[in-house]
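Residue numbers (this note's numbering), protein chains in the order written: chain A, 1 to 338; chain B, 1 to 587; chain C, 1 to 582.
Keep in mind that a hint or two might mislead.
[To be verified] Which residues of chain B face chain C? A few of them, derived with a C-beta cut under 10 angstroms, are:
hint	residue
1	Ser14
2	Gly15
3	Pro101
4	Ala102
5	Pro105
6	Glu106
7	Gly131
8	Thr319
9	Thr323
10	Pro475
11	Arg477
12	Phe479
13	Leu480
14	Asn482
[To be verified] Residues of chain C placed beyond 10 angstroms of chain A at every Cβ, according to the derived structure:
hint	residue
15	Thr11
16	Pro213
17	Pro325
18	Gly326
19	Ile339
20	Glu474
21	Asn522
[Claimed, not checked] In the BS3-like style, the derived pairs of lysine-lysine whose C-alpha atoms are separated by at most 30 angstroms in a straight line are:
hint	chain 1	residue 1	chain 2	residue 2
22	A	Lys129	C	Lys246
23	A	Lys208	C	Lys246
24	A	Lys140	B	Lys164
25	C	Lys116	B	Lys79
26	A	Lys129	C	Lys75
27	A	Lys129	B	Lys190
28	A	Lys58	B	Lys249
29	A	Lys140	A	Lys58
30	A	Lys36	B	Lys79
31	C	Lys340	A	Lys208
32	A	Lys129	B	Lys164
33	C	Lys557	B	Lys164
34	C	Lys81	B	Lys79
35	C	Lys247	B	Lys190
36	C	Lys85	C	Lys75
37	A	Lys36	B	Lys560
38	A	Lys169	A	Lys191
39	C	Lys75	A	Lys36
40	C	Lys340	A	Lys129
Just so you know, these hints were derived from the structure itself, not from any lab. As the structure is a prediction and not an experimental result, all values here were calculated from the model. Ideal Cβ placement from N, Cα and C applies to all residues, glycine included.
These are the residues of each chain, in order.
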Amino acid sequence: MKEEHFIIIGMGPSGTKAAITLRKQAPEARITILSKDAERAFTPHMLPDFIAGKILEKDLYPYDPSTWDDLDIHIRRCQRVTDVSPGNGHLLLDHREVLRFTGLILAVGGRPQIPEPYLPFQDLMSTLKTVKDAKQWIEKLEGVDSVLVIGGDLTSLAVAKALLHLGKKVFFLINEDAFWPLRYDMDLMRKVSERLSQGGVEVIPSGKLGGLFRNANGKTQVRIDDRTLQVGMVGTFFGLAPDIRFLARSGFSMDRGILVDEYLNTGFEGIYATGDCAQVYHPGLRDYWVSIGYENALNLGRIAALNLAGRRVQAKVSGESIFKVRGVNVNTSWWVEF
Amino acid sequence: MSRTDITVEICGMSGDGTIAAGGLLNDALAEAGFSILAFDSYPAEIRGFGRCITRSRITGTQPLALSDKTDVLISLDDKQSISRIPILRENGAVLFDNHPPAFLPEGESIAAHVGTEMQLFGVPFGDLASGASGSLRGRNLAALGAFASLFGVQAESFHQAIEKKFGPKGEAVLDANLKCFDAGFEYGLKDLDDGSDGLPKLERQAEGSEASLLSGNVAIARAALDAGISLYFGYPITPATPIMEYLAKELPKTGGKVVQMEDEISSIGAVLGSFYAGKRAMTATSGPGLALMTELITHGVMAEIPAVILDAQRGGPATGLPTKTEQSDLHAAVYGGPGDSPRIVLAPSNVLECYQFTLKSFQLAEKYQIPVILLTSFYLDNRVETLRLPSRTETDTGDWNVYPDDDSKGNYRRFEITESGISPRALPGSEGFIFTTTGLEHSERGIPEYGGDNHMRMSEKRHRKIASALPDLPPPREFLKNEKPDLGVISWGPTFGTALEAVEKAQEEGLSVAALKITSLFPYHAEAIGQFMQRCGDILIPELNFQGQLANLIGHLHRKEVIRLNQVTGSPMEVGTIFDKIRSIVD
Amino acid sequence: MTRKADPIQSTRAEDFDYMKVNVPCQDACPVLTNVPAYIRAVYENDFTLSYNINLESNLFPGVLGRICSRPCESKCRHGEKELGKPVNICYLKRAAADFRDRQVPRETLIHHRISKNVAIVGAGPSGLAAAHDLALSGLSVSVLEAMEKPGGMLYYGIPAFRLPRAVLTEEIERVLDLGIDFRPGIRLGKDITLAGLLKDFDAVLLATGCYHPRRLNIPGEAFDGVFSGLQFMMDLNSGRPPRVGKKVLVLGAGFTAFDCARSALRLGAEDVSICLRRTEEDLAVTREEVLEAKREGVRIESLMVAKTILGNGNLKRVEFIRTRPGLPGTAGKREITTIKGSEFVLDADTVIAATGQGPEPIPILDERTPEGIVTVEKGSFRSPVAGLFAAGDYVTGPSTVIQAIAAGRKAAAAIVTEMTGRDCRERVVRIEDTVTTDRPRTWDFLPTLEIPTLEPMQDRFDINPKEVELGYAEEQAQTESKRCYLCYLHYEIDIKRCIYCRYCIDVAPRDCIKLVKRMTTNENGAVTGFEETSVWRDVNGIIIDNSRCIRCGACMKICPVDCISVSKVQLLERPIGRAEEA
C-alpha cells in the first residue's frame, strides 16, 4: 500500500501549523505528529502572561482535543525520536518502533540552554519552556519578593515584564551569550538597558557570574564580579538551543540548528525543518538566521508544509518590526513585546 | 471514604506472570485498605499461546460489578494489549515496556494505538528486571513497581504481598522479586514525573486492613469447612475444581476427607450416603456434571435425604465453553430430573453471599431433608472481592436435623405425614428406630407402595414440605427510590450487581427505576416478587442465558410481558449494556 | 569451528573473518590490540598484565591511554544504539598504565643478532615503533631526529596538559634502551644526505611525518600575530612560549586547533574562538575534548572561512565569508561552498591557523622522487629506490598516532623480511574451551563512568601546566571494566542436540538467537548472513548470531539439554618465535 505518510516531529506552534497546512494540501495522506512531551499543544510566548496572572491556563491551549480527530491527524505523545535515517525514509522512536515516512518535517524547537561555564549552578536556575515550568514559576514566585533575570533574549524580556506586573523587584544581568542569533555589541546592549530601566528594572550591564548558592534562609546568593546580590529566585534565559542532538548521526547538516535552504529543505528530498530548530541562510540578510518569535514559527511551519506538499515557497523575512544590528537585518518582534 | 474508583488491567501473554502480578496488585491494595473486585481471564494453555488479562476495580467502598471501562492498562505484551485499548477510558493511562528486545515495525508497539488524550508511560520493565535480578522473569514485578510509584501506593504494601507469595519459595527467589519491584518503583519516582501529577493517587485508606481477599470458590470452600463437613466427594470440572483443591489441603486438618470419585454420579451418591448417615458432605460441579447427577438428586427428593450440590455454571450446552461465564442452568437446577421433584435452589450474587448461602445450604438441607442446589457461575467463582468473613457461630456447625421424639420409638414412621411436611428423621442405627428408605414411592413407614391415593398424598406432603421452607430462604431485596417506578429491573447471580449499578446510575440521572434481587430460585417468593412487579410499570430481566430462564420462571407474575435482556457472549454483562437498555425503555 | 581439549591455534581464513565481526574493537585497532583481554585483566585487578597486553601491540599504553583517537570505541558492541554507550576502552588503558608495577622487565631479542643496520629518519611514533621491532629482530638501529627530543608530534605537537612529559619520556626511554643509537639534532637534507644514508646503511626508513604547515594563502598571512598551529605548538613545547594577545581566533578543526586554543587560554588570552569551516557536528576530535574546551571558555563558531587578514603589518581584524555545507562526499567530509555576499569582519589580535600539514620535501635524490616526496607501493612501504622505505604520516598525510605506530611496525616487518627472507610476525586465532561468563546481566546496565577532570577551572591555568584528565581511580577502573561484554567468548548451539524448545530465544535480551532457513558464507567459508524464517516448516537450524550476541550466557543457563557450548576465541598478532604465554 503506497500510501503517503507525512510525519512531523514536534508539537509546538510550528509543527502544529505545519500539520494543519499539510492536511489542507494533502487530504488523503496519513499525517502523524510525534511529540516527546506529555503536554498538549500550547502557545509558548504566552507563558509569561500566564505567570503574570493575566490569562488562565486554558487560554494557553489553542486547539481543542477534538481538532486532531476531526482532521484525522494522529498525535503520538510521550514518544521521542532517537534516530532519523533520511536515506532509508524511516525514523526510530525511543521505544524501538520504526516508522516509515514519505515526507518529514522537523519542528523540534529548542530547549533552554545553559552555557558550560554555568552548568555547576543549574540546580538553582529556573528556565521557562513548558506549561509545567510556568506552573513551577508561579508556585515559587508566591514566596519570593525579588528575582534575578539573567539573559537578553525575547523570553527574558517578557518574563521581566511579567514579574514587574506581579510587583516583584527585578534585577537583570545582561548576558552576551543570550543574544544569539544576533551578534552582541555595545550598541545593542545600551538599547536593551535603556528599555529595561525605563520599565523599572535594575540593570546590571555585564559581569562575570562568580557563584550561586542557596543560603540558610532559602534565598539565593549571587556573586557578580565583586557585587553580591540576595534574591528569591534566579531565572536564566540564554536562548533556546535547538534540540537536535538526536540527529547527530543522521547525516543532516547541522550547526546550531538544522541547516536548510530558503525553502526550508534540509538537502534530503521530502525532509524539511522549521521553527526554532531550523537555521537558514538568507540572502536578504546575508547571514544565517534562526527565526525567533511566535509569528515566525507559524509562518515557517506553514511554508515547510507547503513545500513538502509540492509548492515552492521561500521563507521570507518579514515581520512587523525588523531590528538592525550592524547592517544585518534580523526578524524579531522583540521591541513590540516589551 | 474516598471517591477512588479506578480499574487497573494487566494484560500479557501466558508465561509473562500476568496473573501473578494481578494477584499481588489485589493483595497490596487490599492491605492498603481498598475494596477490590477483580476478575481474571486466561487461556487454557500454559505457555505461549494465549492472552491473559487481570482486571481489578479498586474503590473506597465495596464495588458491585466490574467497570465497563479500564482506567490503567499495564501491558506486559504489546501485541495482546493493543486489543484492550478500546476498553480503556479516553484519558486513561498506559504503562508499557519502552525497551523491547528487538525493533518493532510501525503499529506493533502499543504506543502507536494510544488515543490522543491517553497518558503513555514508558518503563523499561525488561531491562530493570535484568539489571536488578539478572533475568527477565521479574519484569511483571518491575511493572508493578512503576505502577505503585506512579499512583502513590506505598512500596510497603507491595512488599508485604510479595513476601507472602514468594517467601515460601526461598530467600533467593524472594530477594530477586523484591529487587525487581524496587527497581521499577525507583524508576517511577525518578524518571517518570512527566504527566504523573494528574493521576489519581491511591493513598492508604486504613492501617492494616482486616478484610481478606477471597474468590467465590474459596469462600464456598471456607463455608463448607465452617459448616463442619466431614467429607467432600467430587470430580474435577472447570470452574469448580478449585473448591476440591482447597478442601483437599484444608479438610484433612479438621479430620475430614476428600475423595475424588470416578464420576459425578458416584459423587452425588456418596454425598447422599454421607448425609443419610448423619454427616455433612458436599459436592461441586458444573452444568454437564449436574446433568449426570439428576437421577440421584431426585432420589434425594423422593427418599427425603439431604444433600448440598454446588453448580458453578459455565457456557453451555454440553461441554459448551468451559472457561466462559453464563447463567443457563436455572431450568436444569429447578426442574431437572424425572417426576415432580421439587428441591431448593439458591443463587448467591456476590462472594459474601457465596459464603453465607453455602453455610445456609447445609442448614436447609438437613432441616428440610432435601437436596439443595447452589447456583454460582464462572465469573462469581473466580472473581475476587475484599470482604470480612463473619465469625463462625454455633448455628453454623449446629445440627439442623429434625429428630423424632422418644415416644415414636418402636412405632416409628419415617415418612410420617405432618403439618409442616417435615417427617422427623432418625439416623440409621438409632436404637428403637427401624425404618426403610427407598427411591420407589413408599408408605409412611418407607415400604414400597404404589397405590394411587398414597402417591397423591405423598406427593402433596413433599410439595407442602418444600413450600414451608420459604420463610427460611433468603428473601428478595428491593432497591427503590420512589413508590411507583416506571421500570423494575430484576436479576440474579452476579448479574444483579451489574444491574444495580446500572439502576443507581439511572436513578442519579433522574430516571424512575428500581431493582430487585432474587437469590431464592426455588421456591421463590411469589408474593413479594408479585408485589414489587405491581408497583412497577415495566419489568426488565437481564440475565446471561439465551432463553431468559428467570423470566420464564417468574415472568407470569407480572401483568404483562416482561422485557428480556439476554446475553451469552461468555463475558459478564456490562453496566453500560443494562443502562442503555433501561434508557431505551424509560426515556 | 571444532573444539578440542587443547587450545587450537588456527590460521584458517574463515576464523580471521570471524574475529573481524566478533571482536569489533580489536579489528578496529590498527595494531590489533587484544582489547577484551586487557579489560578483563583490569577487572581482575592485574593492571600489570593489562599493561603488558597493551605493550605487545601498541607499545605506548601510557601515552595512548591519554591521546589515542580510539577507533575501537566507535565500534564497541556496547555502544550499539539500543545497548547504551561504548566501554571507555581508552581510559582503561590509561588506568593500566597508571596502576601497573613500575618496573617493566626489559624485552629480550627474539632472534639472534643480524649483522645488518637500519637508519630511521624521524623519532615520532612511527619511527620509534619501527625502531623497537627492528631492534628486537636483531638489527642495529640508528634513529636520526631533527629536533632535540624524541617523540615527534607526541612531544612537540601535543600540549603537556593532555600528555605529561614524564609519561611520554618514560615510554620512549624504554624503547631507546633497547640499544638503539639515537642521534638528535640531525636534519635530513641539511646535516646529512639521503644518498649518504643509503650508502652507510643496509636500509633507510623515512618516518618524518608531516611538518610542513599548509598555508592559508590569503592576504595578510604574514602579519605579526599570525601563527601556524604546528609552529605555535612546537614553540610552546620547546620551551619558547609564543606571545598571544587578548582576542585569539583559531582556524581549524582538528586536535591541533583545540590544543592551540586551550594553550592560548593558558598563555593569558581572554577571548578564544575556534572558527570552523564546517560545523561542530563534523569535528574529528573527541566529545570530551570539545566539552573541556568549552568549559575552559573556548567558543566555537561555525560555517565560516577566513578570506582576508586585515591590518597594517600588525593583525587587527579578520574578514570571513559564510560557507554552506553540502552532503558528505566520498571521503566522508562535507563539500563546502562559500556564499557570495556574506562577508563579515571580526576583531582579533592573534590568529592561529591550524589547518593541517603535509610532508616536508627532501632534496631530490633523482628522478624517482618528484617534488621531493618519496612515494611507496601501497602496503609494501618500499620505494622505487633500493633499500629506501617510508611509513607513517609522511606517506599517508596526517593521520592518527595509533595508525602511525601500526605503519611503523608493518614497515619494520617488511624490512626484516627483505633482509632475512623470512616473515617475522604472525597472526593466529587461538580457540580454547572455557567456562561461561561470570558477568551477571546486571553489569550490562552499569552506567558509563566519566573521567574525572581537574577542578576548579582556575587550577588548570596554573603556570605549570597540570594534566586536565585525572584518570580513573582503581575501583573506578574496575567498575568500568565490568561493562565489557568480553566478546572473545563464543557461544554456539549444537544443532544436532537441540530440541527446539526455544527457551533460549525467550530469555534472549535481543534478537541474537534466530530460527534460520539458510546461512550464507563468503569465499573463505565464514558466515556472512542468515535467512530467518518464522514458518516452522522452513526452519533448518537455530543459530546464535555472534554479531548480535552480547555474551550474557542466558541461553546456556536455560538450555534444558545443555547443547550450548562456550569457547574463548582470541586473535593474537605477535612476532614469530616469541614463546606463548601460559
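Hints versus structure:
1. Ser14: Ser14 of chain B check fails; min Cβ-Cβ to chain C is 12 angstroms, beyond 10 angstroms.
2. Gly15: holds (8 angstroms)
3. Pro101: holds (5 angstroms)
4. Ala102: holds (4 angstroms)
5. Pro105: violated (13 angstroms)
6. Glu106: violated (17 angstroms)
7. Gly131: This interface hint holds because 4 angstroms falls under the 10 angstroms limit.
8. Thr319: violated (29 angstroms)
9. Thr323: violated (25 angstroms)
10. Pro475: With a closest approach of 55 angstroms, the Pro475 of chain B hint is violated.
11. Arg477: violated (51 angstroms)
12. Phe479: violated (51 angstroms)
13. Leu480: The hint is violated - Leu480 of chain B has no Cβ within 10 angstroms of chain C, the shortest such distance being about 57 angstroms.
14. Asn482: Violated - the Cβ of Asn482 of chain B stays beyond 10 angstroms from chain C, reaching only about 60 angstroms at its closest.
15. Thr11: holds (37 angstroms)
16. Pro213: Fine: 27 angstroms to the nearest Cβ keeps Pro213 of chain C off the interface.
17. Pro325: Non-interface label on Pro325 of chain C violated, nearest chain A Cβ at 5 angstroms vs cutoff 10 angstroms.
18. Gly326: Nearest chain A Cβ is 7 angstroms from Gly326 of chain C, so the label is violated.
19. Ile339: violated (6 angstroms)
20. Glu474: Given a closest Cβ separation of 27 angstroms, the condition holds.
21. Asn522: Consistent with the label, Asn522 of chain C stays out of reach of chain A, its closest Cβ about 25 angstroms off (over 10 angstroms).
22. A:Lys129 to C:Lys246: violated (36 angstroms)
23. A:Lys208 to C:Lys246: holds (17 angstroms)
24. A:Lys140 to B:Lys164: It is violated: about 44 angstroms lies between the C-alpha atoms, which goes past 30 angstroms.
25. C:Lys116 to B:Lys79: violated (73 angstroms)
26. A:Lys129 to C:Lys75: violated (37 angstroms)
27. A:Lys129 to B:Lys190: holds (21 angstroms)
28. A:Lys58 to B:Lys249: violated (61 angstroms)
29. A:Lys140 to A:Lys58: Judged against 30 angstroms, a Cα distance of about 21 angstroms means the pair holds.
30. A:Lys36 to B:Lys79: This hinted pair holds, its Cα atoms lying about 23 angstroms apart.
31. C:Lys340 to A:Lys208: violated (38 angstroms)
32. A:Lys129 to B:Lys164: violated (47 angstroms)
33. C:Lys557 to B:Lys164: holds (28 angstroms)
34. C:Lys81 to B:Lys79: holds (24 angstroms)
35. C:Lys247 to B:Lys190: Roughly 44 angstroms separates the two Cα atoms, so the pair is violated.
36. C:Lys85 to C:Lys75: holds (11 angstroms)
37. A:Lys36 to B:Lys560: violated (61 angstroms)
38. A:Lys169 to A:Lys191: holds (21 angstroms)
39. C:Lys75 to A:Lys36: OK: Lys75 of chain C and Lys36 of chain A at ~29 angstroms, within 30 angstroms.
40. C:Lys340 to A:Lys129: Given that 30 angstroms is the threshold and the Cα spacing comes to 37 angstroms, the pair is violated.
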